[in-house]
Amino acid sequence: MPPTNNGNKTNTAQRPGPTATSEKQKAQKKRTRNLRRACWFFAVMSIGEMWYMANYSPVMSVRDVSVVGATDKTLTQQEKQQISDICKLKAHTNWVHAPTHAIAKQLNALPYVKHATAASALPLNVEVKVTIRQPAYVVTCPSGAYEMDADRTPIRHARPVMLNALKTIEFLPEIPLKPGIQVKSDSLAMASQLIHTFDSDRLLHIAKINIDPLSNIWLNVDNGLRIKFGGAVSLPEKVAAIRNILSQDSGHGERFAELNVTSPEYPACRLKVEVAKAAAAAAAAARAAQAQAIKNSEPDSTSPVIQTPGRLSSQ
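The working numbering puts the sequence shown at residues 1 to 315.
Certain hints may be false.
[As the list claims (entries may be wrong)] Each pair of labels, with its calculated beta carbon distance range:
#1 Lys184 with Ser66: 32 to 40 Å
#2 Lys105 with Leu35: 47 to 55 Å
#3 Pro236 with Lys277: 30 to 38 Å
#4 Leu122 with Thr74: 27 to 35 Å
#5 Lys184 with His115: 33 to 41 Å
#6 Val44 with Val68: 39 to 47 Å
#7 Asn108 with Arg33: 50 to 58 Å
#8 Pro99 with Val68: 14 to 22 Å
#9 Glu23 with Arg63: 54 to 62 Å
#10 Pro99 with Gly231: 22 to 30 Å
[Said to hold, decoys possible] The calculated lysine-lysine pairs, modelled on DSSO-like cross-linking and capped at a C-alpha distance of 27 Å, are:
#11 Lys114 with Lys178
#12 Lys167 with Lys73
#13 Lys129 with Lys88
#14 Lys178 with Lys105
#15 Lys114 with Lys167
#16 Lys129 with Lys114
#17 Lys272 with Lys228
#18 Lys73 with Lys114
#19 Lys228 with Lys167
#20 Lys80 with Lys178
#21 Lys272 with Lys167
#22 Lys105 with Lys80
#23 Lys167 with Lys80
#24 Lys80 with Lys114
#25 Lys208 with Lys73
#26 Lys88 with Lys105
#27 Lys208 with Lys167
#28 Lys73 with Lys24
#29 Lys208 with Lys272
#30 Lys228 with Lys114
#31 Lys208 with Lys184
#32 Lys178 with Lys129
#33 Lys295 with Lys272
#34 Lys184 with Lys228
#35 Lys178 with Lys73
It should be emphasised that the hints constitute simulated quantities derived from the structure, not laboratory data. No experiment lies behind these values; they were computed from the predicted model shown. Idealized CB from N, CA, C, for every residue including glycine.
Whenever a hint applies, use it, and build me the whole structure from the sequences.
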């Protein structure tokens with residue numbers, strides 16, 4: 001009697017054997033592996049080609065360098081040319097490797113540049129932004145005259161046009177001034193604030209500020225008034241004392257020769273009349289002393305003439 005399959009009608013002779021199934025799986029895995037390798041190969045080739053084009057292809061050369069702020073009217077032609085030379089790139093400079101950091105570093109080292117940035121920008125450009133220091137006043141010192149910005153940083157040696165257009169601070173303390181290096185001085189900082197405070201004041205128009213070797217501040221007003229401001233302390237109180245005195249005078253200080261607000265609670269003043277009287281008395285005393293000196297130097301005609309033997313005296 002033939003064997004039965006216990007209800008399973010599938011002919012066991014038609015099933016593939018274990019060897020045939022294993023061969024098909026191996027072939028499928030091999031095709032998948034080859035396909036994966038091919039994909040990886042093309043991906044690496046694509047990445048390598050993109051990297052080569054980005055770093056070495058002439059197509060990626062910088063097209064334009066735009067500089068913003070280099071046309072400031074306070075700059076000289078030489079300074080403008082210096083900025084242009086720093087920002088100029090060699091032909092076929094690669095955009096990815098554009099020396100933006102070096103450009104910004106060189107620009108920030110210039111004494112008349114307050115801040116500068118350089119960065120790559122699309123499409124294939126380089127953008128440079130420059131902030132120029134603006135002259136706020138002129139400082140004169142034993143080493144020369146300098147244009148200064150509001151941060152007490154010397155910009156350059158003062159030009160004649162700026163000497164006439166800006167307020168002047170005479171700075172006598174022994175602190176060296178170097179273009180591009182901020183001056184560490186509280187007196188100079190307060191003098192700068194005073195220029196800004198009284199810039200549009202109707203009672204007081206500052207012509208010049210003096211800072212003596214002891215860092216005491218003196219204000220010279222255009223009407224001849226001289227104000228001893230003292231040290232770099234109590235700015236609001238001293239300014240209030242000055243304005244209080246000038247507002248009470250009908251001539252806005254015309255009759256004053258000197259004010260002293262070193263102690264704002266007890267300000268002092270000298271009138272021009274008193275100064276004129278003192279000057280006249282000093283001049284008279286000087287003339288009298290000079291006349292007395294001349295009189296004492298003249299020989300006395302009543303004194304006897306003593307003759308020495310063998311000599312004749314001539315009178």
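Cross-check of the supplied hints:
1. Lys184 with Ser66: 32 to 40 Å: About 37 Å separates the Cβ atoms of lysine 184 and serine 66, which means 32 to 40 Å holds.
2. Lys105 with Leu35: 47 to 55 Å: holds, 51 Å
3. Pro236 with Lys277: 30 to 38 Å: 35 Å Cβ-Cβ, so the 30 to 38 Å window holds.
4. Leu122 with Thr74: 27 to 35 Å: holds, 32 Å
5. Lys184 with His115: 33 to 41 Å: violated, 20 Å
6. Val44 with Val68: 39 to 47 Å: holds, 41 Å
7. Asn108 with Arg33: 50 to 58 Å: At roughly 57 Å between Cβ atoms, arginine 33 and asparagine 108 fall inside 50 to 58 Å, so the hint holds.
8. Pro99 with Val68: 14 to 22 Å: holds, 18 Å
9. Glu23 with Arg63: 54 to 62 Å: Once the Cβ atoms are compared, 60 Å apart, the range 54 to 62 Å for arginine 63 and glutamate 23 holds.
10. Pro99 with Gly231: 22 to 30 Å: With a Cβ separation near 48 Å, proline 99 and glycine 231 fall outside 22 to 30 Å, so the hint is violated.
11. Lys114 with Lys178: The given pair, whose Cα atoms are some 15 Å apart, holds under the 27 Å limit.
12. Lys167 with Lys73: holds, 19 Å
13. Lys129 with Lys88: Answer holds: lysine 129 to lysine 88 is near 14 Å, not above 27 Å.
14. Lys178 with Lys105: Roughly 19 Å between the alpha carbons, so the hint for lysine 178 and lysine 105 holds.
15. Lys114 with Lys167: Judged against 27 Å, a Cα distance of about 21 Å means the pair holds.
16. Lys129 with Lys114: At roughly 11 Å apart (the allowed maximum being 27 Å), lysine 114 and lysine 129 satisfy the hint.
17. Lys272 with Lys228: holds, 15 Å
18. Lys73 with Lys114: Holds. Lysine 73 to lysine 114 sits at ~15 Å (cutoff 27 Å).
19. Lys228 with Lys167: The given pair, whose Cα atoms are some 18 Å apart, holds under the 27 Å limit.
20. Lys80 with Lys178: Cα-Cα ~21 Å, so holds.
21. Lys272 with Lys167: holds, 25 Å
22. Lys105 with Lys80: Satisfied, since the Cα-Cα distance of roughly 17 Å is no more than 27 Å.
23. Lys167 with Lys80: holds, 25 Å
24. Lys80 with Lys114: Holds, at roughly 15 Å.
25. Lys208 with Lys73: holds, 25 Å
26. Lys88 with Lys105: holds, 14 Å
27. Lys208 with Lys167: holds, 6 Å
28. Lys73 with Lys24: Given pair lysine 73, lysine 24 is violated - Cα atoms ~82 Å apart, limit 27 Å.
29. Lys208 with Lys272: holds, 19 Å
30. Lys228 with Lys114: Answer violated: lysine 228 to lysine 114 is near 33 Å, above 27 Å.
31. Lys208 with Lys184: holds, 21 Å
32. Lys178 with Lys129: Status holds; Cα separation ~25 Å.
33. Lys295 with Lys272: Measuring from Cα to Cα gives roughly 34 Å; hence the hint is violated.
34. Lys184 with Lys228: holds, 22 Å
35. Lys178 with Lys73: Distance of about 23 Å is within 27 Å: holds.
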